[in-house]
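Chains as they are written, first to last, in the working numbering: chain A, 335 to 813; chain B, 231 to 1343.
These aren't lab readings, by the way, just hints derived from the structure by calculation. Where is the CB? At the ideal position from N, CA and C, for every residue including glycine. Mixed in with the good hints, there may be bad ones.
Derived SDA-like pairs (lysine to any residue); straight-line CA-CA distance at most 20 Å [stated by the list, open to error]:
1) B/375 <-> B/388
2) A/433 <-> A/498
3) A/342 <-> B/388
4) A/342 <-> B/982
Incomplete in silico selection of chain B near chain A, CB under 10 Å [what the hints assert, rightly or not]:
5) 239
6) 241
7) 934
8) 982
9) 1134
10) 1138
Label-pair restraints from in silico Cβ distances [said to hold, decoys possible]:
11) A/469 <-> B/1125: 46 to 56 Å
12) A/628 <-> B/1107: 37 to 47 Å
13) B/811 <-> A/626: 48 to 58 Å
14) B/981 <-> A/356: 20 to 30 Å
15) A/409 <-> B/1138: 54 to 64 Å
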Amino acid sequence: CLLASCTKNFEEINTDPNRPKEVNPGVVLGQMQYRIVSSSISAARGFTHELMQVDAPRSSAGGGGVHRYVITPGTGVWSSFYTYLADIDVVISSAERLKENNYKAIGLVYKCWAYSILTDVYGDVPYSQAMQAANGNFQPKFDAQKDIYTQILKDLVAANDLFDDTKALTYGGDGVYNSNVLTGGKNVGIQNWKKFCNTLRLRLLLRLLKRDGELNISDQIKAILADPVKYPVFTSNTEEGIYKFPNVNPYFNPYYTARQLDWRDGTYYTKFFIDNLNAWNDPRRAVWALTVSVNGQNVYQGIESGYPTTTEYVVGKNSSYTDALKTSAITGVMITYAEEEFIKAELALRGFNTGNTAKNHYEKGITASMTQWGVALPAGYLQQTGVKYNEGSSVDTQLQQIMLQKYYAYFFNDYQAWLEKRRTGYPVLPRGSGIPAENQFPSRIPYPTYLQSLNANNLAAAVAAMGGDKSTIKVWWEK
Amino acid sequence: RAIAQQININAKNTSLSKVLQIIQQQSGQSIFFDNRQVQKAQVSNVSISNASLQDALAIVLKDQPFAYTIIDNTVVITSKVNAVQSAAPIRISGTVTDERGILLPGVSVMIKGTTNGTVTDHKGSYSISVQSGQTLVFSFLGYKKTEIIADGKRTINVSLTPDAAQLNDVVVTALGIKREEKSLGFAAQTLKDKAVEDAKTNNWVNSLTGKVAGLNIQGTGSGPISSSRITLRGENSLNLDNNQALIVLDGVPVNSKITGTGFKAHLATDSPIDFGSDVSDINPDDIESITVLKGPGATALYGSRAAGGALIITTKSGARKDAGLGITYNLNMSIDQVNRWPDYQYEYGEGRTTAYYSYGDSADGINTSTNAAAGRAWGPKFNGQSYFQYDPNTPNNKATERTPWKAYPDYIKGFFQTGSTVTNNLSIEGGNDKSSARLSLSHLGNKWIIPNTGFSRTSVALSVNHKINDKLRISGKANYTNKESDNLPSAGYNNQTLMYFLAIGTAPNIDHNWFKPYWQPGLVGVQQKNPFNPGPDNPYIDLYEDLNKLSKNGFIGTASAFYQFSNKLELMLRTSLDMSSEFRSQQRPYSITKYPKGSYREENVYSFESNNDLLLTYKDKVNQDIKFSLNAGANALVQNYNFAGIYADQLAQPGVYQLSNSLDPAVADPQRTKKAVNSIYAATQWSYKDAIFLDLTGRNDWSSTLPYKHNSFFYPSVSTSFSLGDMFTLPHQISFAKLRLSYAQVGNDTRPYQTSKYYDKIYSNSFTTATTLYNPTLKPEITSSYEAGLDLRLFNSRLSTDIAVYRNNSRNQILAIPLDPTSGNASALVNAGLIESNGVEVQLRGTPILKNNFRWNTTLNWSRNRSYVRELTNGLTSQVIYSHDGNVTIEARVGGRMGDLYGLGYQRSPEGKIIYNSTGLPAPLDPVAKKLGNAFADWKSGLINEFLIKKVRFSFQLDYQHGGKMFSQTNHKNNTLGKTKVTLPGRDGGIVGDGVVRGADGVYRQNTVSVSASSYYENYYAINNAENNIFDTSFLKLREARVEFNLTLPFLTKAGFKQTSVAVYGRDLFDITKFPGFDPEGGNLNSGTLTPGVELMQFPSPRTIGLNLTFKL
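Construct the complete structure from the given sequences, taking the supplied hints into account.
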């Protein structure tokens, strides 16, 4: 053939020899699980812990800081979660192609989990038109939170129906439960995923309880509580949704190589957080915090949050994160058994039939959190002042008790402590003296600045629908 | 050599001088004749075909009163009339030199009015018998004819003066086609070897800065190899990589790809290392000339890759005017020193409090150093007091007694050294009638300004030409390069770089020597010692243990054959190759923060490009006035790139850098790409009366990277040139005037594998969605260009100017537009946008002084380019081209300019005052990103002056850039940590920021709350406050200065040296700029892409001072 027109092999030349055109869900699931939980716990450590007075920077001379309620637009999981949602979509679509219902159901659970966090953090977010770039839509519209939740709740029901505990995951890949294989003819991992699915649904239903009339929330809660065979939820710590970091290259705890400077030299636990643990002589304290020497005594000691810019806490003189947590396998918290018990405690308190008392659930929640962090519940812990459940007090006081313990159980759990504070007002956090009077406790994170250039029109529509883009704007379920 | 030339002439009623000019052109042979006599002569009818030079001359001169002689390859036309012989001739001898005293061989020495003459020998000497009163005429191509009357002296030494009026240079254009400058319809500027040899740099590309109007060299400040980005006429593509000019070495397109490692802050991925490219490996000693083809009009025949212009490099080939062997030895030695520092303060030491200082807890108080200070210099003033400080001699380094609190002025500068570069170059060239050859050997050894970094480069270049018979000529060129480095520094804002350490790891009270024992006692190789801010790694670990090694072998070669079917038809076949194989390793010891268990990585990079060309040329004429030529050709391009990385990111044993020592299974990172482009093209040139010229070209490409069914695209060009002097009678002051107009299109394809969906590998065994969305319907991008130019030379070419104006439209650009990840991809490949570039280029050249012993040449280059974003795609109004973690972005917004920088700034009151909060600090930044300037300069200029005073040549070059903005990470860090003088005001009494506070009543009142200096500056220079971290990059630089002495010492001449010169030069000697970082000409290296407008911990720029010795034998 002629030199120039000889292009017959061009199609072959333009085929990448190193990248596949199709994948099965197994080779996507594992990395996605690792990456998304790495992102969510970074949000816990980097944002929620500071805002919710778990910790505070030891120096904050520039005047900003989440602890002073200065919320930088776009901080958080927007870009990371949406990036991983693309892989979640691959898990779902490749599972559909290969008729692998378990992968599809796991994918749906992840999708619901991720979107619930996104909408709780930002408000209205792209949902129905998201992930459509391949179909030519580069600028998805934002959906109203109510519409997103309507679909999330449907998807969780669908996922629950798809789980099949007689089948192993054909292509493996699950890093949360060992649902890759059968044990005694049953897939225990898939059973756990089913419990994850329903526990998540319960978390979200409780969050939306204020909007009961709009989405039939209490009926759905009742249906779950009434049929634990059809809608199983967590019943023990062994089932809870924690990504256990294998700490094998490259699946390290994301803080594995964090510098001491960044891990603990610049951050202290707050007085609020440590003082309660001290009062309760809480055994989790030793897992989470370092002691410091004060007058020859090794003590746990925290600092003020929201202090004035002139204040600077010296290094090494207050309790910070233990180095063991940097490399810990168990900080990959998504949804726990403890939370499940605290949810039920509140439901029982609000008159739902959970099969148990609020007090019982409350105590099981505390115990579960201890177990989760590898410590035993000390004798008498539950009976001591400040912990002992006061059944005789007002509903609000009981709720406050539940929420305080739930707050501690949320350690390293994405934004949950903040979301629950927004919903219930608890725990009550002291206001630091250095917080400018005009700054208010945030109800959301403003949208990323880059949306002004990448999706301007839809952003403007969403901002208008929400009444603004400030951190003080309340999302639908909080209104 | 000239004997076998084929001469073809068909002329009627023309002047003899014209015929001789034709012979000169066709034979490539210098022909000398006395102008006045020969010009009167007419030729009525001459028809010569396929004649040798001698036959042609014999035919032409048959009926003329002239004869010719060939003396040492020079044809001399002489009068047949015999001169009157005097009774007593005397023998005169002497030497002929050029204006700089360099001996000139082959100079014709004639006795005026006679046929007697001679030619200087290879030592520039002559000897001739004359009678007193006769006139000797010395002539040599390119020099003014010099007449000297023999007045009885026995020795006459002559120094020839160059003739400025070289009106019709030959220019190498696309595909190596040589054209008369007069006939070009587009802008081309040629640089001679001096441009890259005079003030040598490690990367020859950087020598071009300021020398060509419209040529922009953007450095990165990323290490000894000093990669740079070459653009012509601004930024036409939104894809920054597409804007680079194509480099063509002897017809071979050269790979300018820098295989980057990653880039990211702190610990995220590896730090970038500048390994250079095939372009930076070209040996400047081999370069004979560089022709800069600025726009698509000039490069349409090169096709897709030259849409951003081209630099056509011709290497030295051994073709010499005088026969015999030529040997040149060149020694270049230079030293490098940091030429500019940020304005560091030496008044306050480490800490966050001015109250006291204590290294660790002491009797004075708790620790204020190490992790308490974390690199800040907000500590106490150096007032002669004493504190408990670091003690290198105690086990825990805590002092047992107070020592004087003082600054170490070398606390940063002490980490740098004087760099040195030694280059040896030896070349041998020679030839005879049929063959010529040149062999060059070169070695460069560089020690850079940072200890334990540098590289060496060995180059071998061979060029061979051979004429097999009258019809067939072959030539071959081969360049081999070996580049080795035991350590190239890591760059960027990264835990493993020295520059990061210098900003955040140390303070004025810290002796840099304290970091030198970098292992903990008894834990050598296992645990580093990091006595101050534990954030960054110990700097000496960065330099002596974090090694980035390189070993590269590169080959660029071409073999060509020219076959002359007849005097009208010629065929060229050429095959060329640019290939390189590179082995790199990166080792990291135990205990560095990013790799607690160390790391060892190997990368094998193989790149290959072959081009096969066929070009058929037909030259003819319609009649005396209309001449034309036709070119038709084809090209087949194949590119292969194979990157094989193997990473062991945990080591089983410390200090053993082998893949077998990997703790985990080593992870493979394979990347292979292949691309092929087939092309056919045709071009035709027409001329009318040698006054009006018309060029038409067309090219069609088939690219494998485009969708299979739509991979063909065509683009044409047309250009015209009007030599006004040949059309009209111009005033005699105008030596030459040319007007040119052109229109051209150039198409462009894309990278491989963009048209179908793939999944990317992640980690060792998993896959993820590709971040960039593929596009199965891509179209080629098309750049259209309109250009007009005027070339005007006045006063016998003593003053000349070349002005070009152009407009480039770049449409259907193929680029990855960033998407909000909610769309499912981080970016999408689209045909997008219309970028319009308008510009003006002016070159002014003058020879204000032209005397025998004193000549002054001056050149001013000035250029201004504006690239506007006219359209984007898919309803987008804005596109982020580069983002520095969101703190500053380079955005293309419709209606805006390419290179616009966006970022956040203060909230301001209606009066424009900064709004403060109630605690004395500015309110949170305005969340709406604002345009804060443009990364590209408003205009640039270079002024080059050259003085030739007897045997001394002195030259200097000044470069000025007006405008342009850059975000400085270096300055952000230095200032927020109190390292610079701008952070001194307010240290003692605090600062009341100038701004207003909004009261509850909505009224703005002046802020009255005082804050500490550290609080104020930490806020003022906060990284997300782009408004305060972007600076003007205007500068004036003394780019080059050089003094060269030509030594014609008798003993050297006797020893056979034709030329010996010694030169002292300097480069980047000083700059005047308000930019607060190291160098306003910065940028950053981001995975192989050089990004302007943002500087991320650039290295200092060296000032180079060197000595150059040249011996020619």
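Here is how each hint holds up against the structure:
1. B/375 <-> B/388: holds, 11 Å
2. A/433 <-> A/498: holds, 12 Å
3. A/342 <-> B/388: At roughly 67 Å apart (the allowed maximum being 20 Å), residue 388 of chain B and residue 342 of chain A break the hint.
4. A/342 <-> B/982: Holds. Residue 342 of chain A to residue 982 of chain B sits at ~16 Å (cutoff 20 Å).
5. 239: violated, 36 Å
6. 241: Because about 39 Å separates residue 241 of chain B from the closest Cβ in chain A, which is outside the 10 Å limit, the hint is violated.
7. 934: With a minimum Cβ separation of about 4 Å from chain A (threshold 10 Å), the hint on residue 934 of chain B holds.
8. 982: holds, 6 Å
9. 1134: holds, 7 Å
10. 1138: Hint on residue 1138 of chain B: violated, closest Cβ of chain A at ~17 Å, above 10 Å.
11. A/469 <-> B/1125: 46 to 56 Å: violated, 29 Å
12. A/628 <-> B/1107: 37 to 47 Å: This hint is violated: roughly 59 Å between Cβ atoms.
13. B/811 <-> A/626: 48 to 58 Å: holds, 57 Å
14. B/981 <-> A/356: 20 to 30 Å: holds, 22 Å
15. A/409 <-> B/1138: 54 to 64 Å: Hint violated: Cβ distance 23 Å, outside 54 to 64 Å.
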